[in-house]
Every structure is written in structure tokens, then in C-alpha cells.
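**Q** Top line first, the protein sequences correspond to chains A and B.
Residue 417 in my numbering sits at position 417 of the first sequence; the count goes up by one each step and never skips.
Just remember that my numbering sits 472 ahead of the position in the second sequence, which is counted from 1.
These are computed hints drawn from the structure, not numbers from a lab.
Computed from a predicted model, the values in this text were never measured in an experiment.
All the pointers check out, no bait thrown in.
25 Å max Cα-Cα, derived DSS-like pairs, lysine-lysine:
hint : chain 1 : residue 1 : chain 2 : residue 2
1    : A       : 228       : B       : 763
2    : B       : 862       : B       : 569
3    : B       : 901       : B       : 660
4    : B       : 569       : B       : 901
5    : A       : 390       : A       : 408
6    : A       : 97        : A       : 188
7    : A       : 429       : A       : 188
8    : A       : 291       : B       : 700
9    : A       : 22        : A       : 472
10   : B       : 598       : A       : 228
11   : B       : 700       : A       : 126
12   : A       : 303       : A       : 291
2 protein chains.
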Amino acid sequence: MRQNAPNARKTYMKETTMASEKVLAHLDAHRDQHVDQLCDFLRIPSISSQSDHDDDSRRAAAFVADELRELGLEVETIELGGLPLVFAQTEIRPDRKTLLFYGHYDVQPVDPLDLWDNPPFEPVIKDGIVYARGASDDKGQVYTHIKALEAYIRTGEELLVNVKFIIEGEEESGGESIYRFTEENPDKLACDAIVVSDTTLYNESIPGICYSLKGLAYMEIRVDGPAKDLHSGSYGGTVKNPGNALAEIVAGLMDADGRCLVPGFYDAVLDLDDEERAGFAELGYTDEILKDETGAPAAFGEKGYTTLERMWARPTCDVNGLVSGYGGEGAKTVLPAKALAKVSMRLVPNQDPDAVAKAFADHVHAIAPAGVTVEVENLHNANPVLVPRKSDMMQAGMRSLEQGFGAKPVFIREGGSIPIVGTFQEYLKSPVLLLGYGLSTDNIHSPNEKFHLDNYWRGIRTSAILMVEAAK
Amino acid sequence: MRQNAPNARKTYMKETTMASEKVLAHLDAHRDQHVDQLCDFLRIPSISSQSDHDDDSRRAAAFVADELRELGLEVETIELGGLPLVFAQTEIRPDRKTLLFYGHYDVQPVDPLDLWDNPPFEPVIKDGIVYARGASDDKGQVYTHIKALEAYIRTGEELLVNVKFIIEGEEESGGESIYRFTEENPDKLACDAIVVSDTTLYNESIPGICYSLKGLAYMEIRVDGPAKDLHSGSYGGTVKNPGNALAEIVAGLMDADGRCLVPGFYDAVLDLDDEERAGFAELGYTDEILKDETGAPAAFGEKGYTTLERMWARPTCDVNGLVSGYGGEGAKTVLPAKALAKVSMRLVPNQDPDAVAKAFADHVHAIAPAGVTVEVENLHNANPVLVPRKSDMMQAGMRSLEQGFGAKPVFIREGGSIPIVGTFQEYLKSPVLLLGYGLSTDNIHSPNEKFHLDNYWRGIRTSAILMVEAAK
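If we strip away everything but chain A, and leave its shape as in the complex, we get (with noise of 0.2 Å):
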């Protein structure tokens, strides 16, 4: 988790809420159920970039579908060629604002299984955490909505807004769904705002609305050589060896100092002002701080640029995966017919992921050596996201954030992305309230990742504070 700096505000709000009694009472009753309902939920082993999960992601479907169902809203689940996305809403009133829930059923890969401490999709709690894939992104988060309204059908307490949820398990595979579903059915979606919770806290004390988001373009590199694999002494010195060569692309994206070395990858970004700069510095964040959450032996990247900077608000080129010839135990002299490499780049506002992934695929054919065969793909991409910091409804969220956690809170920036939040804004014009209730130490897509379930009861509770607070 993010450490307080010395400077950090720790100011604890008395507690006004807004919502009823009645309604923080029955969460109060049900915190046991509501974990052993979510260990349910993250039982399911929903990986949706593999294909062979399939079944199991649609299980996780049909358990929130079932869940929202059995709340009483009207449920559609919409096949769109993918993986399912559920549909759900309470009866409309015209004269009540309307908030979306958005969240994502779907969960990462799981490999190598063998740095985990349980089983993935066998949940564990200790010590007030629940460790399972999924447990932060982003099942535990999402479902913190469905316990929220929960409480308001089981108590019989007015509702004041009218709700929907839209979720889909498509997220970590860039699906293509919740997109066309998005694009064709604005009117359905329409809302007064879009609540997404699939980020985190600043820190386990310190509670923040998230504005601005990473884009991704994320890119696969295909080296191809000999027509198979061989042996490295018969054929050694007379062929272009394609880990060589892939090696070479890989080497030729980035200069020392950790800046993209594709044309023009700088040109669009928009640099951050002075307030942001100021409210950043602020929050005291150390490359000491960095070294202990990651175990990484120093902090590295471009020049001129603070860590949180760079983390927040500039671009990177990543290596995400390489894979070519024999990478088992003991020693194969292989010459590999072939050789792949994973790179994502995270983009900021106002960079064109479609414009950054051509250039991208332009320089690698610039560079590529002779004597293999070279493909790029752009796998899939993400537009950044900037939110306006100042509107009734990041206010209500503010508002929400502080009762629900019990903390003042703060203004962040994530370098992940989430693809479909910029499509939100485009196609449903509504505002996009970026609620997170995870920590920057929950392990999302790695080994042992971790949900603290003080942090799913501080999230239900804001969301359901947040159902009073969005109708002012």
C-alpha cells in the first residue's frame, strides 16, 4: 500500500451519513454473509482470455444475473458473440437522478501457479484479507454495489435513485461486447453518472476519487525464421536466429534513460499542470515507498519526472511476455524457428492509442533485421481518461468516500487502464465517477492477489451512502 508521507492529511471527518439507519444497520448484520457470498463469486474461474474458461465465465455471469434477479430488477443477458454482459436495472422513475454500475465478472490468467499460497480460486482469509483472483479486480469491487442496493430491497427502504449495472467479462481479454452494446444502446445505459469501481484507494487511510486513467495499446511482435526449430550447431552462424532478432526489436523501442524511442510517441501528451504537479508532490510518495511495495532493486524511468509522475501521468513501453526456443530446465541447443514478444504501452491524455499503435508497428518494421520474417498485431487498445475534478457528482462522490471510509479524501490518478470508461464518456455523455476501493498491494494480475475486507465493508457502505448523496 501507498505509505503515509510525513505530510499526508490525516484528518478524520465526524460521521454525518446521509444514508438511513435502517439500511447501515442490515450491512452492519451481514458482513459475514456478504464475504462468504463474494468467496462464492470468486470460486468461479472466470479467466476470459482463455478460451477454455469459457463455461466457467459464463458461471459467473449467470451468479450475478441470478443475484440482481432475485433483487428484483429486471434482468436481460446480452450475447453479443463474446462472453456475456448482464443488463440490469430497478423499476425507472423519470423524476429520480439514475446512477450506472459498472464492473467486470471476468478475472486475469493465473500463471505461475506456483508462487501462490492458495490455490487461486480456492479464497483464503487471514488476518482481515481474502486472497483469490478476483478478490480486487474485480469481483470484490463490483460486488460492493450489489450489497449496497441489497440492502435497500431487503429493509424496504426508498430508494432515491433509480439503478442499473452493467457487467462484463470481457475486461481482461479486450473483448469487444460491452463496446458495441455501449455504442448501440446509449438510450439504455443513459444515466446521470457512471460509477466505476475497479480502482484504489491512495492508501489504506487515505481514500481518493481517481480522474484520469491510462490508455493501453497493447501490441504482440511475431518473429518467424526456419520453418521449425534447429539444432544450433548444424545451422548455427548460417540463419538469422529469431530470439536474436526479436531480442534486437525489443532493445531498439526504448533508450537508456526508459523513453520510447517510437516517432512521434510524445507528441499528443499532455503535460500536467502546476496544481496537479503541486497536489502529487503533496502526497510525499518516495521512490523508498516504491522499492518497498514492489521489491524492485531501485526506481527507473525517464528524466525530468518525478516517480508518481511517471506512474501516473507519462506513457511507458512495456515488455509484457518473450517467448521463443526452450525455456525449461538444464540446457537444449535449439535454434527457435520462431519468436514472440508481449509489449503494452500505457498512454496518457490526449494520446491516440490506434495512432500510437501504427507508429508503433511502423518502427518495428523500421528496425526489424534482415533475415526473419516480422508481424506486429495490436491486440487490443484503451483511450486514457481524463475526469473534470470539479462537478455535483464528483462532489457527491467525495462526500460518499469520506462517510463511507471515515478519511478525507484525495484526488489520484492510475496508470491502469479500463478500455471502456473513455467510451462511456463519449457515447453516454454522462460523468465518470471513478470509486476505488482496492490498494496499490492487492496483487492484481500476480501471484496471491488480495481483497481487505474492511476495505469491502468501507466500499459497500460508500455506495450505499452514495445512493443518498447522487440524489441532492
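With chain A fixed as given, assemble chain B onto it according to the hints.
**A** Coordinates of chain B only, in the frame set by chain A:
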């Protein structure tokens, strides 16, 4: 296989066998049986570099030991901490010359398994070719000598030489047993010639004796960064990515023309003499032949040398494997905790593998970027080998090949390494006869490894004839 160049010699000699008609008739009558028995040997998945196959490797050792014991040889199975050595000898009469036959019962790993047309340990015979892992490297080749000796024992024909076998199980994994045994027991292995069949014919119609093998320095580079895989959005741009770092290191091993950048790498290289260059040129090997053999889009390598010169007499530096992060289907946005490369350098006379390995490690540390931890390990080494072309035993070998294959043999080199040969030269001080029966297209170390049965039978015949020719 090597195609015949227009000017390649195709003079077929009148066969003037020196082995008895009885022995040769026995071989002709048992061709099918010899194939069946070889298939039994090939069914044992003796992958020495994978410890979960150790039991299989021991079964392969027992298979060989049992056969030799049944022929009446004195057999020892020697355990020196790794996989067993099988040593066997006929009755040793001091008035006879002694041939020591060396080979290995272990095989390479089989991945990528999905590129095999049949399961690698279920031999299939099609169009006179047996397909299985180990068919050519080296089970099929070492077995020729056992079958040749068997013909003498079964027919009761007098052996004119003493025969010893030393068959190991760690050739493909760089194990130490054979080295320790050779260094500690030179008297036991004492002989007038060491016969090694683990190389190739020049092509399917021209046999050859190999007079030089490349050496090897096999390296592993391990790059460590964060303590665990990170989310590439959350931490991209803040720490050095081990995948990018590894690519930079590997790219720094070679220049754009395929010359190795390790300082001093070429210092000890013995240049080809004019006779060798002329001999290579006469074979008429072309880049078109190379492209046919490998399926590579083009030839590539050091300027100033023909392709055959690079293949046979220039040192190389090849990636054998790259592993980092996520290599599966689709996208995973991970910043990997570590990255690994396996790199082998094939060395020529008079390069010293230890010195090269040290220079390599120094170079890697010198070019490694900051922000990651880099380890270099020298997994195993082999000395390059050069055998004088003019000796009695070499002439006996040439005569045997000519009669066994019915064609005039040529002198060839080999890009592969047989690490033990250098040690044999050093400790046994006897000439090494590299009598190869494989083809360069036998897919050794690759999917669909194969061995032509015609070459198997001719090989057995050649070995049987050598048991007479060597006695002269």
C-alpha cells in the same frame, strides 16, 4: 539432406568387402529384426535434462546393458552421481587392436510437442524412415555397433579386434559422469581408436568422415527486477522491466552482421587452411540448399565467409530460449518479475570454452542496464575438436565407409558438439573416428526426428567391416 552439387563426386566403388560373407549374410537376414529392436530402444523416453524422466533413462541404460550382456560381454553399470554409464568389453587379447565404441542412450526434450506428427516415443516407420526422438541422435547410431558385434557373436565368426563400449546417459544434459570416469579410468578405456557415431553423412549419396567438431559454451542469463510480477499499468515507467533489460543484453551480444561482440571472442580462432577451403568449395553447398534445408527466408551471417565455412568453421552465438512474463493466448498486462535467456556459443579450434564463458559473463555484466539484478551461469562446456586427417585409423574408417555405403567418402566438419570427444583425445591419446550415419535433415533436437533405415543398415555393415579393417 545436403543436395549434390553439380561437381560433387559420385564415383561408386566396386565393393571389396573385408568382412566375412557369413557376417554380412547374417546382417542381410536380420534387417527387420534390427529395426524392431531399435524401435524398442526408441520407445524409452530417456530425456536426461528432465529429472522426472530419470527412471526412463535408467531403463534405457538397462536396455543397452542387457543386450551387451546377452552377447557375452563383461558389462558394468557405473553410477557416479548422475545417470549411469554402461561399460562393456569382449575378452581382451593383447595381440589384437582395440576399438572403443562411444555413444549415448539419452535424448533431447520433445517440446514443442504439437509439431510432432506422431508421439515422439511411439516410433513410426514410413517410406523407409523411422520417426522418433533419438532415432538419429543417438540411439539409432550407437545401436549400429551393437548389431555389428552381434553378427560376429551369432555367426561364430572370429573377431579380429577387441571391442569395448562406453555408453552414457547425460550427453544431452551436460552431465559429468563420463568425464569423471574417463579422467579416472584411462586404462579401462585404453584403445587404438575411439569410434563415435553421432554425426552425419555429407548427404544421402556421399558418406563422410568428420574431422572437426565445434565446442560449446552454454550460458544462462537471469534478470531479476521486482519481487513479483506487477501490474504494468500500476508500476510501468517506475521500475526497470526485466524483459526489456534482457532484450537489451541479448541485443548487445551480436552486431548487425552476426559477429559476436564479446571482447576477445575471435582471438584464438584457427583459420581454415587453403586445402580445407578448397575442399568445402568443391562440395558446392549453396544458400539455396540451405534455404531448402531450413525453410529460413535467407542465409545470414558473418561477412567474408561462405555459408559452409560459417556452418563448419566459424564460432557462433545463438539464443536457445527466451522466457519472461506471459506467453499464452491473448493479452496479460503484466510487468514481469524476471526474465531468462539461454544462449549457446559454438566454438571452433582453438577457442577455450572456459575463457569464452568468462568473457561472456563479464560482457553481460558490463552491458547490463541499471535497475535490475543480473546473473550469468555457465551451464556446460565442450572443447572443440580437430582430428588429423592422415592416420591409419582414419584410412581404415574411409575404406569401411566406402564399402559399407558403396560410395567414395569425403572429409567433412560438423557444427554440433560432442563434448566428450575432446576429453577422450586428452586422456586416452588415441585417434577419434567420427563415423556418422545420420543426415543433416534428420531433425535432431527438433520435432519429427528421423533416421533413414538404409543408412541404419549401411551403418551396421560399415561397423562390421571396420572390425576387420581396423585390425590391419
